[in-house]
Each structure stands twice: as C-alpha cells, then as structure tokens.
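With the hints as constraints, model all of the structure from the sequences given.
Chains A and B supply the protein sequences, listed in that same order.
If you read the first sequence in the working numbering, its first letter stands for residue 6, the second for the next number, and so on.
If you read the second sequence in the working numbering, its first letter stands for residue 6, the second for the next number, and so on.
If you are wondering where the hints come from, they were derived from the structure by calculation, not from laboratory data.
Just so you know, not all the hints are guaranteed correct.
A pair holds if it fits inside one copy or across any two, identical chains being indistinguishable in the list.
Derived pair list, reagent style SDA-like, types lysine to any residue, alpha-carbon separation capped at 25 Å [claimed, not checked]:
hint	residue 1	residue 2
1	K250	E84
2	K28	T245
3	K156	G191
4	K129	G237
5	K156	P251
6	K162	Q58
7	K10	N220
8	K129	I80
9	K129	E93
10	K162	M73
11	K250	N110
12	K156	K250
13	K258	E90
14	K250	N220
15	K258	E219
Protein chains: 2
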Amino acid sequence: MCPAKVSGDGQRGWIIPIGGGEKKVGSPPILSRFADLCGADNARIAIIPTASQLEDTGHRYEAVFAKMGVGHIDIVNLESRGDCEDAENLATLAEATGIFFTGGNQLRLSTVIGGTPVAQQIRKLNAGGVHVAGTSAGAAFICEHMIAVGKSGSTPKPGMATLSPGLGLTNRVIVDQHFRERDRIGRLLTALSYNPFATGIGVDEDTAAFISPENLIEVLGSGGLTVVDPSGLEHSTMATTQQGKPVSLIGIKLHILIAGDRYDLTTNSAQPGAPPD
Amino acid sequence: MCPAKVSGDGQRGWIIPIGGGEKKVGSPPILSRFADLCGADNARIAIIPTASQLEDTGHRYEAVFAKMGVGHIDIVNLESRGDCEDAENLATLAEATGIFFTGGNQLRLSTVIGGTPVAQQIRKLNAGGVHVAGTSAGAAFICEHMIAVGKSGSTPKPGMATLSPGLGLTNRVIVDQHFRERDRIGRLLTALSYNPFATGIGVDEDTAAFISPENLIEVLGSGGLTVVDPSGLEHSTMATTQQGKPVSLIGIKLHILIAGDRYDLTTNSAQPGAPPD
Chain A
6 MCPAKVSGDG QRGWIIPIGG GEKKVGSPPI LSRFADLCGA DNARIAIIPT ASQLEDTGHR
66 YEAVFAKMGV GHIDIVNLES RGDCEDAENL ATLAEATGIF FTGGNQLRLS TVIGGTPVAQ
126 QIRKLNAGGV HVAGTSAGAA FICEHMIAVG KSGSTPKPGM ATLSPGLGLT NRVIVDQHFR
186 ERDRIGRLLT ALSYNPFATG IGVDEDTAAF ISPENLIEVL GSGGLTVVDP SGLEHSTMAT
246 TQQGKPVSLI GIKLHILIAG DRYDLTTNSA QPGAPPD
Chain B
6 MCPAKVSGDG QRGWIIPIGG GEKKVGSPPI LSRFADLCGA DNARIAIIPT ASQLEDTGHR
66 YEAVFAKMGV GHIDIVNLES RGDCEDAENL ATLAEATGIF FTGGNQLRLS TVIGGTPVAQ
126 QIRKLNAGGV HVAGTSAGAA FICEHMIAVG KSGSTPKPGM ATLSPGLGLT NRVIVDQHFR
186 ERDRIGRLLT ALSYNPFATG IGVDEDTAAF ISPENLIEVL GSGGLTVVDP SGLEHSTMAT
246 TQQGKPVSLI GIKLHILIAG DRYDLTTNSA QPGAPPD
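As structure tokens, then:
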C-alpha cells in the first residue's frame, strides 16, 4: 500500500527503521531518541509485538520505555486479523503519539495486519504526525515493498530476495536489517534491481535511520547504515539472468554512513556529520 | 510506486490488463474497445514494446491499430534506461490518448522503465485521463506489486510467486495472466497471501479486465476472469509454512467472471452480466 496523504498544513511523523539488537539498558540512544520525539513524559507509545512469537516481548519494551519516564505505554496485542478490526485496539492506537513494532517475523506482520483497519489507521496516523519505529522485522514491514525472506551473500542473484507488500508508510526506501551481521548486501541489491526506483538502506544492529518528515535520514547508533542508490543505474541483466546466477549491475552508488551522518532521499545526496571532538 | 493523484475535477484513465494471446484479426473485441476508448480515429496510441525481445512486436500492433482506423500511432522504443529520460520519447508519450504495453518479460519492463522519468510520466498521464492497456507481461507491470516470475500449480506455497515493484498505476489489484492456460491460481494465492490487502485478478488469454476510473471492472473477451478476494481471510499459515509446503488459507472468496460480468473493487462485489439473447 501507499503512504497516506498529509493533509493541508500537516506534517508526517518520523519513520524509524532500526536494524535489530538495539541497546536497551543504561541510556539507550535509539530508543531514547524515539521516546523524546514522541513527547517523553507526555508520550503515549503503543507497542505492537505481533512479529514476535515470544510472550514477553511487549512487556520487555514496556519496561524499557517506562524506565525512561514515558508517560503512557500500551501493548496492543494483534494476534489475528480479527484483532485488527477491534474497536478498542483502534481506539488505543488513535491516542498514540508513537507506535513501535518489535522484531520477530515480518511475514507475521504482513499476514496479520495487511489490508485491515489497523493498517489503514497507522498509515493515516503517520500522515497526521504520529511517529512510527520498528526494529528488525518491524523495520522491514514499514516499507511499501518489504523484504520478506532471502539468502545471505554479497553478489545479487535472481530469487535471492522475496518481496512482499508491506505496511506502506514510505516507498522511498526498501529496508534490510541485521545488515552487516547477516551479510545481506546481495539480497538488498537483488530487491532493488527488480525495479530500481527506490533507495536501499541496510541497517546494522543497534543502528537506526531516523527518516524526517522531509525525507532526510539521520543515522544513530553504534553500527553503519549502508545506502544503495540505483538512480544512476546504467545496465542490468536482472531480466535475463537465470535463477542462482550473478546479476550484472553497472552504475550503482553506495554510501556507508555512521552516527551523525545524513542522507537526503529527495536529492540522493549524503552529508557527513560533524567530526568527533 | 503509488498511483499518481487525480487532480481536482479530473478523472483517471482506464487501466486494462489483458491476459495475453488476444485476438488481433477480424474485429478483435479487446483491442477495438481500447482503441475506441482512446478516441478511435482521433486516438493517439503509443505502443511500448520494451517487454518483447522480438523486433516486429511493435509493428505488429501498429498494423492492428492502423487497420481499425486509429488516427495516430507511435512506437516508443525504450531499450535502455537512457531512452526513458529522452526528451523526444517523453514528448511523444505526452501527446498520447492511450498507451499500450506489449507482452514479453515483465522484468524487462520493471528493470528498464522502473524509477525513470517515463515511469513517472505514465503514472501522471493515467491520473490525468490517459488510458493504459497491457497484455501479458504488460498486464503484470501495470500494478504496484507485480508478479515477476513464479511456478505453476493450484496449491499456494511460499516462494511460488516472486513479487517485484511494478509501474504502480493501481494498488487495488495484483494481476496474473495466461491464467487458466498456465495453471496459475496457486501463485496468485501465494502473492496475495504475503499481505492480503489487494484483490487478485487472474486473466485468461484473449480476455481483459477493463478497470474504470471508478474502480469497476468490466470483463471482455473469450476466457474467464478469476477474482480472488482475500478481504475476509480468517486464517493463514503463510508466515510459518516452510518453502515448498502448502499454505493453509481460510476464508478466501472466489469469483469466475465472463464477458459482460462486472466486479466492484470498492465494495468487493460481483454483478453478473445480462443473460445472452
């Protein structure tokens, strides 16, 4: 699905894919910045643990946000498609200033939430200024085109990435997570080269891409953000290469960004952050 | 990508996926109706033969449309991504009242045209009233989520369909073509069940779904149109089923429509056509 339209003088909320394995103890920079954006002690954060098969995932994040002093935290349990039509769940989400998708399996998210009133509502809330973060599977799900599953390795090959429709908060990027840790540049290149209209962002663990309402990415966390820009692609054999064979791609632009660096998705340009003191 | 926004009091053009193998001699009903919609002798039809590897594909359709009396026909050869930035090609498309994508390989279309000025222009033209038809690969490409490749068979299995971002004229439907002839209901069910937000339409050969500006489908041609409506899906194992194993899906609605039948994509309801005389 597509991003919902921002009305009149409104402003879209931030969209924050996190690469998984983000720091949760001490003063965790990524989760703290998300909580601050949502209003800190005035924040109302709704946690959606649907991707996870573990019972305590929602409560674990609840404890982290509570320790930061977040004003109000709800765990919205969406276990079935019926839950995604439930008036009480919709009412809880309607009050949120921030929505957080936990990790797990992104196909749990798309199969349970896709096409339901909850999906539509989250798109509208984000267009109305509510911030949406997701870690690991939650990060993948945020996009219009979501990498559902795939294979490791650095050389792109047809069939290396399986795309599924995602939640559709943004179609500027296709996100991959646990990026360096699971050797995923090949599958991100594969996903992009099916139709090189989007920008790929590979998010390492404990790293996040804070995407502003103006489509400016700010990098935060201890790992790297790999930006794959296919807008200047000159040649591709994706249409003719056999399954499992390497694909020729000429003219891809690549940036490795770290905390403090920025990337403008409108102009396809990267800016380094301030040098360390 | 998403459909472009229709401005003010404007009206979107028709979107016409054809299942391939459409009649081209005598008075071919599908191509004639497309030509009539585009203005018949006042029509300006732009043929895009990019999907095909055969040199005469564009000229073959040119001859068919010329025989019908279409006023002006252009073949727009988009062989490379550079061709999709070419000012002359963009100018030719800007004058068209109808655009026709031939068959071939839909990954040729998405890899050559995806993310280029031509792709953006066609979305804007369609939002401004220009009709867009595509046969076979051209039909697949029209959607936001395009079935790129897949396997035959009637039971859905993970990995049976590979999705790619398409041109994005509509996100209401995911189209599959040569539907009955190539036994594709399993792959269409697979594609839909990754995220059951869209309606699936399986288009037989010599059959077309004429999708009106109001999202009403009218069926034309000698075969059937299989409509797969997952909006009432109650249960799915897609998120947990292993590659190659059958997926459980409970609550899918199915319609087989023939020429004259209609389907409303807004209300998810089918209406039979008038009985034959």
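Alpha-carbon proximity between K129 and I80, which holds within one copy, between copies, both or neither at 25 Å: This pair counts as within: shortest intra-copy Cα distance 20 Å, inter-copy 41 Å.
Between copies, within a copy, both or neither: which fits K28 and T245 at Cα up to 25 Å? neither (43 Å within a copy, 28 Å between copies)
Treating 25 Å as the Cα threshold, decide for K156 and K250: within, between, both or neither. Both: 13 Å inside a chain and 18 Å across chains, each within 25 Å.
Treating 25 Å as the Cα threshold, decide for K156 and P251: within, between, both or neither. both (13 Å within a copy, 21 Å between copies)
From the Cα coordinates, with 25 Å as the cut-off, is the pair K156 and G191 best called within, between, both, or neither? both (8 Å within a copy, 23 Å between copies)
For K250 vs E84, is the C-alpha pair at or below 25 Å within one copy, between two copies, both, or neither? This pair counts as between: shortest inter-copy Cα distance 23 Å, intra-copy 39 Å.
Is it within, between, both or neither when you check K162 against Q58 at 25 Å Cα-Cα? between (31 Å within a copy, 22 Å between copies)
Regarding K258 and E90, is the shortest C-alpha distance of 25 Å or less found within a copy, between copies, in both, or in neither? between (43 Å within a copy, 19 Å between copies)
I want to check one pair: K129 and G237. Are their C-alpha atoms no more than 25 Å apart within a copy, between two copies, both, or neither? between (33 Å within a copy, 22 Å between copies)
Reference check for the pair K250 and N220, CA-CA at most 25 Å: within, between, both, or neither? Neither: 35 Å inside a chain and 40 Å across chains, both beyond 25 Å.
Indicate which option fits the pair K250, N110 if close means a Cα-Cα distance not exceeding 25 Å: within, between, both or neither. between (27 Å within a copy, 18 Å between copies)
Within a copy, between copies, both or neither: which one fits K129 and E93 at a CA-CA cutoff of 25 Å? within (17 Å within a copy, 39 Å between copies)
Hint compliance for this structure: hints 2, 10, 14 are not met, and every other hint is.
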